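From first to last, the protein sequence lines stand for chains A and B.
Per the UniProt record's numbering, the first sequence starts with residue 1, numbered consecutively.
Per the UniProt record's numbering, the second sequence starts with residue 1, numbered consecutively.
Please note: incorrect hints may appear among the correct ones.
As the list claims (entries may be wrong) - With a cut-off of at most 30 angstroms between alpha-carbon atoms, the simulated DSS-like pairs for lysine-lysine come out as follows:
(1) A:K499 with B:K31
(2) A:K511 with B:K142
(3) B:K142 with A:K488
(4) A:K511 with B:K154
(5) B:K31 with B:K154
(6) B:K273 with A:K474
(7) B:K154 with A:K461
Treat the hints as calculated values from the structure; they're not laboratory data.
Predicted model only: the values in this text are computed from it and were never measured.
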Amino acid sequence: MSARKKPWIKSAFSELNLTQTTAVSEGTPAKRTRSTPHASTKTQRNRNVNSTPTLAAALVDITAEDEDGCGDNSESPPTVTEKWMESFAPTSSEELAVHPKKIGELRDWLRHCEAMRWKVPAQICLLSGPTGAGKTATLQVLAKEFGYQLQEWINPVDCEVINTLGDQPSGGSYLGSHLEAFKSFLLRASRYKSLLNAQNKRLVLVEDFPNVLLSDAEANFDDLLEKYSIYGKSPLVFIVADSKSRGLNISYKLFPDQLKAKHRINHISFNSIAATIMQKSMKTFCAIMQQKGNKALYKVPSSTVVDSIVVGAQGDIRNALINLHLSALKGVPNMPTKQLNVSVTSKGRQRKMQSTLKSIGRDESITLMHAVGRVLNPKCNEEKRLQHSPEVLTEAFCTEPRNFVNFIHANYLPHFRDIEDVLPAINDLCLSDFMLNEYRDDALPVMGLNLAIRGTMLANKDPVSGWMPVRGPKRINVLPPATLAEQKLLGIGCADTSKALYATEYKSFVKCIAARSPKEMPIENEQSIED
Amino acid sequence: MALWVDKYRPRELTKLDFHKEQAENLRNLCKQSDFPHLMFYGPSGAGKKTRIMCLLREMYGAGVERLRSETMTFTTPSNRKVEVMTVSSNYHLEVNPSDAGMYDRTVVIDLIKQVAQTHQIEINGQREFKVIVISEGDELTKDAQHALRRTMEKYVATCRIIMSVNSTSRIIPAIRSRCLGIRVAAPSEAEMTAILQSTCKREGLALPVELAKRVVDKSERNLRRALLMLEAAKVAKSPFTAQQEVPDLDWQVFLRETASQIISEQTPAKLEKIRDRLYELLTQGVPPNLIFRGLVEHLVSNCDMSIKAKTLELATEYEHRMQNGAKHIFHLEAFVAQFMSIYKKFMSELLMTDDF
């Protein structure tokens with residue numbers, strides 16, 4: 001075996017059928033396969049040296065259902081194939097880790113497409129959800145079930161350079177527009193079938209949005225959809241991953257509600273995968289690893305490692321699979337895990353300490369509302385220590401300290417019973433505001449946030465229990481502008497009176513003068529003309 | 001129609017009602033060919049602006065009264081557009097940079113550059129320079145004040161700056177030393193009564209002496225407030241009677257009620273209601289330092305001698321933090337909470353001693 005570098009990682013279940021030739025409509029100069037970086041390499045020699053005995057596969061039920069999908073792999077030599085991920089890809093809707101209801105929703109839509117096939121072929125659907133929730137996998141499985149061929153748009157690295165401008169001798173080249181390429185892809189891919197494919201039904205998938213659509217307001221997405229619904233001949237699916245910040249949230253930015261209503265876009269939003277379902281699919285994965293072709297390659301990781309992977313992945317099945325794959329490879333040392341201080345009761349029998357992967361896996365993401373709740377209702381464990389450490393909360397929000405402190409301030413009061421307890425809390429909030437305003441030191445904002453969190457968590461000795469909705473911090477709006485009559489009274493002089501001065505000195509008097517004297521106005525006007 | 005305040009504003013230095021000696025000095029100042037940067041300082045409603053306008057008229061003639069207002073747009077280094085209202089004539093330009101908030105530095109620099117880079121195109125050639133009037137100069141941030149210092153020197157050939165400030169304490173020494181300070185004290189009560197009487201005479205109204213006294217008392221020697229108050233009273237009831245009610249500033253009434261609510265109950269729930277009231281005041285545009293001051297005054301006047309000192313001590317602490325902080329409501333609320341706690345303790349001790 002040469003030391004040829006082989007990529008072991010291949011993004012998602014991008015291709016349904018390996019043998020199928022990539023079918024790209026002629027309009028797009030892009031490749032259909034998703035490029036993946038050669039993130040890590042494994043050489044054969046390395047593995048031979050370190051071959052460790054397979055761990056007892058206590059976890060895995062070897063008699064578990066057989067997978068058809070990995071038939072291809074049976075003859076392969078014991079190296080990680082480039083497309084190892086496909087061997088784990090779900091092949092039928094029963095194998096999907098997605099909640100059956102969501103699968104049902106998508107299936108209903110596809111049925112609807114079938115029904116409307118001759119009348120209104122250009123149906124549009126939007127799938128949204130967190131990363132690794134199985135959006136693409138679900139679509140691929142169902143498309144296969146219904147006999148659709150997926151045509152996916154991939155952003156071209158560079159648009160075609162058009163060299164000849166006819167009248168210009170040289171140097172007259174320009175880049176074709178991304179937007180134009182995208183438009184022509186949408187229309188052609190939905191109308192014309194691939195030469196290499198027998199299936200007549202096509203499904204256009206857009207997961208990779210052209211950047212022009214996101215950055216440029218002039219690229220009119222609405223018009224594009226309008227055109228598609230007139231000329232398009234096959235259903236169109238958009239897949240969008242959720243994102244916490246609004247600026248990056250495509251489904252919020254590109255698909256406002258009125259657009260969805262206008263084009264009758266069916267919006268199906270996926271949830272992240274539940275831990276129980278994830279456990280089940282991990283078992284399935286382990287079973288696949290135990291099959292004939294794979295056995296030489298994989299050992300089965302211990303149950304703690306598998307559990308940790310599930311915890312660490314937080315509903316992201318792709319992440320879980322990658323971690324599992326890494327931990328299951330022979331020749332890779334066992335993954336270090338660390339204990340979490342959260343203990344969970346498992347199956348009602350005994351309390352089991354939960355652990356997560358030490359260095360790999362997703363960081364725990366915690367929503368703002370969640371964190372505010374933890375600050376306002378601090379829970380202590382048996383040793384009289386805070387269950388959620390203020391340090392962790394601080395770390396989670398150190399990029400937006402001001403916002404978090406405002407949230408605490410807006411919500412802390414109803415949790416207090418005694419004014420004496422309020423004192424240290426508000427005092428700390430006050431100091432933290434002072435510190436947050438100090439921009440010259442990088443460390444101070446974080447300190448300020450920490451102070452506010454600690455102050456509020458520790459101050460409340462006798463908390464009020466009960467359900468209290470979290471409210472957003474109040475914004476001080478600009479004061480209502482002066483009415484026309486008031487403006488007239490002030491004349492040109494109002495321009496240089498500052499808002500504060502106007503509010504404190506003029507406003508209340510001017511209001512009552514303006515309210516009572518509309519009759520006099522014409523007379524006064526005449527006077528001013530005489531002047 | 002205009003408000004009495006504007007209608008009867010003296011237009012010439014010779015016609016000013018009080019500080020006549022100072023007016024004479026100002027006239028002499030204009031006679032000289034050179035003219036320094038000026039800084040008028042004094043309490044609100046004492047007539048700083050009136051004096052500045054009179055001075056400009058003395059210098060340039062009636063042309064300065066032909067005003068036009070215009071909105072100028074400035075672009076900050078971070079590419080943000082800031083709009084500022086300005087009032088200008090051919091000879092001068094008035095601006096209130098405090099409306100630009102934290103971007104006042106850009107406003108000050110750009111504005112002065114724009115004005116100063118063009119020479120005066122004037123046939124008579126009375127003065128070689130234009131005047132920039134900066135009102136509420138003490139609201140300028142330190143940053144803007146430092147920027148101003150440099151530009152003041154650089155463009156001294158083509159422009160002069162007249163600042164109108166309430167207190168020189170918030171002006172950096174560098175600017176204080178570059179300007180000729182002119183103090184405009186608040187008018188005395190006798191002067192104010194005389195002005196109110198003469199105003200009413202010009203309007204053809206009879207002003208009872210008692211009512212005049214009450215208006216003067218209520219206005220806290222603020223002439224602008226007194227005149228507005230009188231006009232509002234006239235709108236409410238005309239002709240005047242000695243017993244008639246004098247309208248109040250509604251935010252002050254609101255603040256007084258807030259203070260009495262603080263004294264009535266000391267619980268977190270009440271604190272939250274107080275917070276809503278404070279938000280209301282802030283939304284109305286009342287500056288937080290005025291709210292703080294009003295609150296402290298009302299609370300101190302309503303509580304026992306023994307806790308006054310402590311209250312004031314806490315007030316100073318939180319007021320200082322408020323000046324340095326960004327969210328004023330935090331500090332106002334903290335002070336209210338502290339006061340509530342002191343007051344509650346005081347009351348419970350009082351009850352205990354009563355029992356014995």
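Hint-by-hint comparison with the structure:
1. A:K499 with B:K31: 36 angstroms, violated
2. A:K511 with B:K142: Distance of about 35 angstroms is beyond 30 angstroms: violated.
3. B:K142 with A:K488: 35 angstroms, violated
4. A:K511 with B:K154: Measuring from Cα to Cα gives roughly 44 angstroms; hence the hint is violated.
5. B:K31 with B:K154: Holds, at about 24 angstroms.
6. B:K273 with A:K474: 14 angstroms, holds
7. B:K154 with A:K461: 61 angstroms, violated
Taken one by one, the earlier hints fail for this structure at numbers 1, 2, 3, 4, 7, listed in ascending order.
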